[in-house]
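**Student:** Residue numbers (this note's numbering), protein chains in the order written: chain A, 1 to 164; chain B, 1 to 437.
If you're looking for bench data, these hints aren't it; they were derived computationally from the structure. Virtual Cβ for every residue (Gly too), placed ideally from N, Cα, C. It cannot be assumed that every hint is accurate.
Stated by the list, open to error - What the simulated footprint calls covered on chain A by chain B, stretch by stretch (three residues with Cβ under 8 angstroms from a Cβ of chain B suffice, anywhere in the stretch; the number is not a length):
| hint | segment |
| --- | --- |
| 1 | 57-67 |
| 2 | 71-85 |
| 3 | 152-160 |
Claimed, not checked - Not close to chain A: a few residues of chain B, all C-beta gaps over 10 angstroms, as computed:
| hint | residue |
| --- | --- |
| 4 | R45 |
| 5 | A46 |
| 6 | R62 |
| 7 | E148 |
| 8 | G181 |
| 9 | Q294 |
As the list claims (entries may be wrong) - Taking CB as the label site, the calculated pair distances span:
| hint | chain 1 | residue 1 | chain 2 | residue 2 | range |
| --- | --- | --- | --- | --- | --- |
| 10 | A | A160 | B | R91 | 47 to 57 angstroms |
| 11 | A | R97 | B | H410 | 51 to 61 angstroms |
| 12 | A | V146 | B | G376 | 38 to 48 angstroms |
| 13 | B | R91 | A | G153 | 48 to 58 angstroms |
| 14 | B | P396 | A | G147 | 28 to 38 angstroms |
| 15 | B | E75 | A | A109 | 50 to 60 angstroms |
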Amino acid sequence: MTGLGSPGVVPRDDAPRGVAAREAAGRLDVVVTGTSSDAHTWNLIYLELLLTEWGNRVTNLGPCVPDALLLERCTARVPDLIVVSSVNGHGANDGLRLIAAIRESAELASTPVVIGGKLGTLGDGSAAWGPRLREAGYDAVFDDSVGVLEFHGFLEKLRAEARC
Amino acid sequence: MAQSTRGLAPTSFGGFVRAAGELVVQPRMGFSSPERMRRGLDATRAADATTVGTLTIDSYTRVGDLPAARRALDEGVDLNGFPLVTHGPRRTREMLDGVHGPDFPVQVRHGSAAPQDIVRALTAAGLHATEGGPVSYCLPYGRTPLKESVRNWAESCRLLTDGVGDGAEPHLESFGGCMLGQLCPPGLLVALSLLEGMFFAQHGVRSVSLSYAQQIDPEQDAEAVRALRALAAELLPGVDRHIVIYTYMGVHPATRSGARALQEAAVRLAVRTGAERLIVKTTAEAHRIPTIAQNVAALEDCAVTARHTEPGAAARDDGGSEVYAESRALIDAVLNLGSDLGDALLTAFRRGWLDVPYCLHPDNASRSASFIDERGRLAWSSIGSMPLGHVATARPAAALTSGGLLEALHHMAARLDLGELTRAPSGEPYPIRDGAM
Numbered sequence: 001m002t003g004l005g006s007p008g009v010v011p012r013d014d015a016p017r018g019v020a021a022r023e024a025a026g027r028l029d030v031v032v033t034g035t036s037s038d039a040h041t042w043n044l045i046y047l048e049l050l051l052t053e054w055g056n057r058v059t060n061l062g063p064c065v066p067d068a069l070l071l072e073r074c075t076a077r078v079p080d081l082i083v084v085s086s087v088n089g090h091g092a093n094d095g096l097r098l099i100a101a102i103r104e105s106a107e108l109a110s111t112p113v114v115i116g117g118k119l120g121t122l123g124d125g126s127a128a129w130g131p132r133l134r135e136a137g138y139d140a141v142f143d144d145s146v147g148v149l150e151f152h153g154f155l156e157k158l159r160a161e162a163r164c
Numbered sequence: 001m002a003q004s005t006r007g008l009a010p011t012s013f014g015g016f017v018r019a020a021g022e023l024v025v026q027p028r029m030g031f032s033s034p035e036r037m038r039r040g041l042d043a044t045r046a047a048d049a050t051t052v053g054t055l056t057i058d059s060y061t062r063v064g065d066l067p068a069a070r071r072a073l074d075e076g077v078d079l080n081g082f083p084l085v086t087h088g089p090r091r092t093r094e095m096l097d098g099v100h101g102p103d104f105p106v107q108v109r110h111g112s113a114a115p116q117d118i119v120r121a122l123t124a125a126g127l128h129a130t131e132g133g134p135v136s137y138c139l140p141y142g143r144t145p146l147k148e149s150v151r152n153w154a155e156s157c158r159l160l161t162d163g164v165g166d167g168a169e170p171h172l173e174s175f176g177g178c179m180l181g182q183l184c185p186p187g188l189l190v191a192l193s194l195l196e197g198m199f200f201a202q203h204g205v206r207s208v209s210l211s212y213a214q215q216i217d218p219e220q221d222a223e224a225v226r227a228l229r230a231l232a233a234e235l236l237p238g239v240d241r242h243i244v245i246y247t248y249m250g251v252h253p254a255t256r257s258g259a260r261a262l263q264e265a266a267v268r269l270a271v272r273t274g275a276e277r278l279i280v281k282t283t284a285e286a287h288r289i290p291t292i293a294q295n296v297a298a299l300e301d302c303a304v305t306a307r308h309t310e311p312g313a314a315a316r317d318d319g320g321s322e323v324y325a326e327s328r329a330l331i332d333a334v335l336n337l338g339s340d341l342g343d344a345l346l347t348a349f350r351r352g353w354l355d356v357p358y359c360l361h362p363d364n365a366s367r368s369a370s371f372i373d374e375r376g377r378l379a380w381s382s383i384g385s386m387p388l389g390h391v392a393t394a395r396p397a398a399a400l401t402s403g404g405l406l407e408a409l410h411h412m413a414a415r416l417d418l419g420e421l422t423r424a425p426s427g428e429p430y431p432i433r434d435g436a437m
């Protein structure tokens, strides 16, 4: 699990409450990660809280994650979903390289992977990079102009599939 | 322009700032191409303001991924900063030639927990001012173990003091007043700034600056800067020093009026507390990496605001403020852990005596957490093991959910974009100057 263990910050996932407890069967194992060159963390902390509150089990790899470390952690225990988040402007560039490495790994070839945040340096991430990132292998691209609802919808679809 | 002071060499960054006679303003600026970087520095120098230049390093260089920086340059991929090491000393010297000098010092800003290559490259290029710190360039920014960062920064202090040629005084700014940018209660920010400044001094740096990043409440911020100044006077005797304010480093207002109101509040904070330097943001901040013109407009706007702001009372006693009490408690605890500050910092983090809220680094205890209280000030919902029990009351019920965190992160931007804070305390609207911004 993550180093973000403050009792005031994250409800621990070994103590599911409310909706989380009821839906434990549909709970997804989610890895949240920054990209190799991105040191930002608020996006990762928010995503961890959000995904945990939505009843999922979250492993937060933190910022500046080298591709090899992500691959090592994810192939050891194949998650239901990998969420790549970046806001420093190198996200699309890092993300293209990363997804190629993920898809080359036999264990992770079909693992759902999404990317989101501020993906380019010019504030036009989704329009400029979305198609390329999807083509390269991401299952969805959530540029920061997209609200959290679409992400929630994506998650619910995955959970529904997981229950089938 | 500035003259040297207190016996510092004329090409001292610290000497320039303290002799400037008005608030020195500085952009956050870095471009991949030497030509554009040069244009940025020229424009900063030519701005109608007392300025220093900035060479912000790209984030591949920051994490030591030099092959990626090389590849990006070869493929023409735009970087988010100047790849100092990859361009190398000769190209950097050419870029700086005729712009960098005693009347326009340039500071290298990066964010590396292993900055040896960057320090070697900057001294080889004839530069002598940079920023960082063993804690503040490690915990918020990556995966380097704190122990390695302490070692790296001790070595970097030596490389800086040994590498700078005759006639220049190496300068190091502590980034400790900015940990994670926002939602860190000021007592901890002030303590970290001071402890890093003392670490630099312990490793031979004779000219330092101490940073503090604007948070969410002007009065709490003013208490923080006054505490920083008072503690620096006590704990850094004989060291050339000044205080640098960072314009709000959290989520930035998306509207022009909101961004300007926030920037003006930062200028007033700096002038009223007697801070000597200000890191400026632009109205484009929420949307993109700003252009040169946007940077220059922001610098000039800040200079105008500064010239119209009354300085505060000089020597206000701060022994009684909440921020002073918290900072003092943390600093005293760390200093009591031993005479080697690097070791003391490591022990303090291992025990959770220093504990940065919302920090994901494995060497941070992550048992502290903060929230925005009913007065609109940053406060603790959990102090973990920090020795603050006698000066602060933690309120566990105030712990943030994801929605609460998002709201707290957007607290300033939301209020400013709604126009709530765009009036001066007198109730008069701030004068609107329709410049180039």
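**Student:** Next step is simple, just say for each hint if it's right about the structure.
**Tutor:** Hints, verified against the model:
Only when three residues or more bring their CB closer than 8 angstroms to a CB of chain B does the claim for the segment 57-67 of chain A stand; here the count is 5, and the claim holds. Only residues whose beta carbon comes within less than 8 angstroms of a beta carbon in chain B count, and the segment 71-85 of chain A has 0; fewer than three means the coverage is violated. A stretch counts as covered by a chain when three or more of its residues have a beta carbon under 8 angstroms from one of that chain; for the segment 152-160 of chain A and chain B the count is 0, and the coverage is violated. Its beta-carbon lying about 24 angstroms from the closest one in chain A, R45(B) satisfies the requirement of being farther than 10 angstroms from that chain.
Distance to chain A confirms A46(B) as a non-interface residue, since its nearest Cβ pair spans about 25 angstroms, more than 10 angstroms. Taking the minimum C-beta to C-beta distance to chain A, about 7 angstroms, the non-interface status of R62(B) is violated against the 10 angstroms cut. Listed as a non-interface residue, E148(B) keeps its Cβ farther than 10 angstroms from every Cβ of chain A; the least gap is roughly 14 angstroms. Residue-level check failed: G181(B) sits 8 angstroms from the nearest beta carbon of chain A, not beyond 10 angstroms.
Here Q294(B) stays apart from chain A, with its beta-carbon at least about 13 angstroms from theirs, past the 10 angstroms limit. For A160(A) and R91(B), the hinted distance range of 47 to 57 angstroms is satisfied, since their beta carbons lie about 56 angstroms from each other. Our hint of 51 to 61 angstroms for R97(A) and H410(B) is violated, since their Cβ atoms are close to 31 angstroms apart. Distance hint for V146(A) and G376(B): a CB-CB separation of about 31 angstroms, inconsistent with the stated range 38 to 48 angstroms.
Between R91(B) and G153(A) the Cβ separation comes to about 49 angstroms, which falls inside the hinted range of 48 to 58 angstroms. Distance hint for P396(B) and G147(A): a CB-CB separation of about 31 angstroms, consistent with the stated range 28 to 38 angstroms. The given range of 50 to 60 angstroms is broken by E75(B) and A109(A), whose C-beta atoms sit roughly 27 angstroms from each other.
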